[in-house]
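Participant: Please take these sequences and the hints and turn them into a complete structure.
Chains A and B supply the protein sequences, listed in that same order. Heads up, the first sequence is in the numbering used here, so the first residue is 8 and it goes up one at a time. Heads up, the second sequence is in the numbering used here, so the first residue is 16 and it goes up one at a time.
Read the hints as simulated data drawn from the structure, not as lab findings. Heads up, some of the hints might be wrong.
[Unchecked claim] With the C-beta cut set under 10 Å, the calculated list includes, among others, these residues of chain B facing chain A: (1) Asp17; (2) Arg18; (3) Tyr25; (4) Leu28; (5) Arg47; (6) Thr50; (7) Glu52; (8) Val55; (9) Asp67; (10) Arg68; (11) Leu71; (12) Pro72; (13) Gly152; (14) Ser154; (15) Lys156; (16) Glu167.
Even for Gly, the Cβ is constructed at its ideal location relative to N, Cα and C.
Chain by chain, the residues:
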Amino acid sequence: MSQARCPSELELDGFELAGRPAADPLQAHLAACERCRARLAARDEDRARFLREVYPASLPAVEAAGARRPRGPWTWLPWPAALAAAAALALLVLGAALWWRPPAGEGGSPGAAPDGYLGVKGGASLQVYARRGDRVFEVRPGERLRAGDLLRFVPRLPGPGHVMIVAVDAQGGVSLLHPARGPRAAVVRPPLGAPVLPGSVELDGSLGPERLWLLFSTREFELAEVEAAVAAGLRAAGSLEALASLPLEIDQVSLPVWKE
Amino acid sequence: MDRDDIARLYRELGPLVHRRCLRLLRHPENARDATQEVFVRALRHAPELRWDRGCLPWLYRVATRLCLNRLRDRRPEDSEGLERLAAGGPATGPEDWLEARRVVLGLLGQLAEDAAQIAVHAWMDGMTQEEIAGVMGLSRKTVGKKLARVEELAARWRQGREGGEP
Numbered sequence: 008m009s010q011a012r013c014p015s016e017l018e019l020d021g022f023e024l025a026g027r028p029a030a031d032p033l034q035a036h037l038a039a040c041e042r043c044r045a046r047l048a049a050r051d052e053d054r055a056r057f058l059r060e061v062y063p064a065s066l067p068a069v070e071a072a073g074a075r076r077p078r079g080p081w082t083w084l085p086w087p088a089a090l091a092a093a094a095a096l097a098l099l100v101l102g103a104a105l106w107w108r109p110p111a112g113e114g115g116s117p118g119a120a121p122d123g124y125l126g127v128k129g130g131a132s133l134q135v136y137a138r139r140g141d142r143v144f145e146v147r148p149g150e151r152l153r154a155g156d157l158l159r160f161v162p163r164l165p166g167p168g169h170v171m172i173v174a175v176d177a178q179g180g181v182s183l184l185h186p187a188r189g190p191r192a193a194v195v196r197p198p199l200g201a202p203v204l205p206g207s208v209e210l211d212g213s214l215g216p217e218r219l220w221l222l223f224s225t226r227e228f229e230l231a232e233v234e235a236a237v238a239a240g241l242r243a244a245g246s247l248e249a250l251a252s253l254p255l256e257i258d259q260v261s262l263p264v265w266k267e
Numbered sequence: 016m017d018r019d020d021i022a023r024l025y026r027e028l029g030p031l032v033h034r035r036c037l038r039l040l041r042h043p044e045n046a047r048d049a050t051q052e053v054f055v056r057a058l059r060h061a062p063e064l065r066w067d068r069g070c071l072p073w074l075y076r077v078a079t080r081l082c083l084n085r086l087r088d089r090r091p092e093d094s095e096g097l098e099r100l101a102a103g104g105p106a107t108g109p110e111d112w113l114e115a116r117r118v119v120l121g122l123l124g125q126l127a128e129d130a131a132q133i134a135v136h137a138w139m140d141g142m143t144q145e146e147i148a149g150v151m152g153l154s155r156k157t158v159g160k161k162l163a164r165v166e167e168l169a170a171r172w173r174q175g176r177e178g179g180e181p
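Facilitator: And the structure:
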């Protein structure tokens, strides 16, 4: 007996991926439904068009992305990777300054704590800016971020020490955002004011709540310590939302965001 | 995963993702970019994905969300760039499928991301509530509630359009 309802796109995609098997229950429906046979024929045309026009042009980029080792749910983008000429360097500096400058009217007065300031007096603090297309905005607690958004970090540090920024997802997955490579926190000798960390981080398609953590200490510390603290903290708190601070003797501030 | 594996997967799954992006975006270059982007993201998640029909919900979710976000952010010159494509709607004729897309676009500014995604799956993909729940990781009950709300908004939107409101 053929099913009365026409199959959804999802069912047809599954049917196609399985090689349109002769024993599939969908076959009975297809035998009786001219419209669905036309849908399959249209799919054949679409596939041929993809293989002819899209596949050759886009495969190199896909292969290049696949050849890179997965780095977890966040991707670090060098900013930009190579600049050989002094002129290019000058442009970069100017570009970076324009990139992270807060939107007009937001937190721009020197010396005052900006609206998005996270931290305690005398301790470390963190501001995060996102670029979405041509728009730059400050990331506030609970901000909804999208795949493809680029983030930059502006930490204020109380003095020389070691700094690390991580993203923690609801399952306790920890992604190292700064420094670009582990396992140790980066040594910093902060100048006056708030330096923009080099590089930006691109959000991918993973979903749900995450928390960005800035960690600062005058002693050396490693990512493994942070991962252990996240695991222990999540066990004790029960959820990422309830995890206000990591059980670490390290100066820390965090910013909850939502990836959608 | 070596280059041959990647090329094979892209050849097998690429047409499905591209078709989806093209139906939503209706713009060849944007659809190609979106397809590429979905695959790049999929490869980042390669160790977690089953590369058979089991990865379809993931691909649907990511491709739909990406396209809806691009439609939200689109520039005027990006929109409605292609009307020559075969629509191939799931349960109804092409005209109905295109009409469903028009309603989704008309409501996009009012809908939360998950509600917009539910509307796409229900109206453009012809999915059952159970299928939508499976793809989005929601309960069927939640999908039913959100869909009912979206259908109310769609009815009002259609009334407004018929009454000459913008």
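Participant: Would you mind marking each hint as holding or not holding in the structure?
Facilitator: Hints, verified against the model:
1. Asp17: Holds, about 8 Å.
2. Arg18: Hint holds; Arg18 of chain B Cβ to chain A Cβ min 5 Å, cut 10 Å.
3. Tyr25: Given a least distance of 5 Å, the restraint on Tyr25 of chain B holds.
4. Leu28: holds (8 Å)
5. Arg47: holds (5 Å)
6. Thr50: Holds - the Cβ of Thr50 of chain B comes within 10 Å of chain A, reaching about 7 Å at its closest.
7. Glu52: holds (8 Å)
8. Val55: holds (4 Å)
9. Asp67: With a minimum Cβ separation of about 6 Å from chain A (threshold 10 Å), the hint on Asp67 of chain B holds.
10. Arg68: holds (4 Å)
11. Leu71: holds (6 Å)
12. Pro72: OK, holds: Pro72 of chain B within 10 Å of chain A, min 8 Å.
13. Gly152: Holds: closest Cβ of chain A sits about 8 Å from Gly152 of chain B, inside 10 Å.
14. Ser154: Violated - the Cβ of Ser154 of chain B stays beyond 10 Å from chain A, reaching only about 16 Å at its closest.
15. Lys156: At about 20 Å, which exceeds the 10 Å cut-off, the nearest Cβ of chain A leaves the hint on Lys156 of chain B violated.
16. Glu167: For Glu167 of chain B, the interface hint is violated, since the closest Cβ of chain A sits about 23 Å away, which is over 10 Å.
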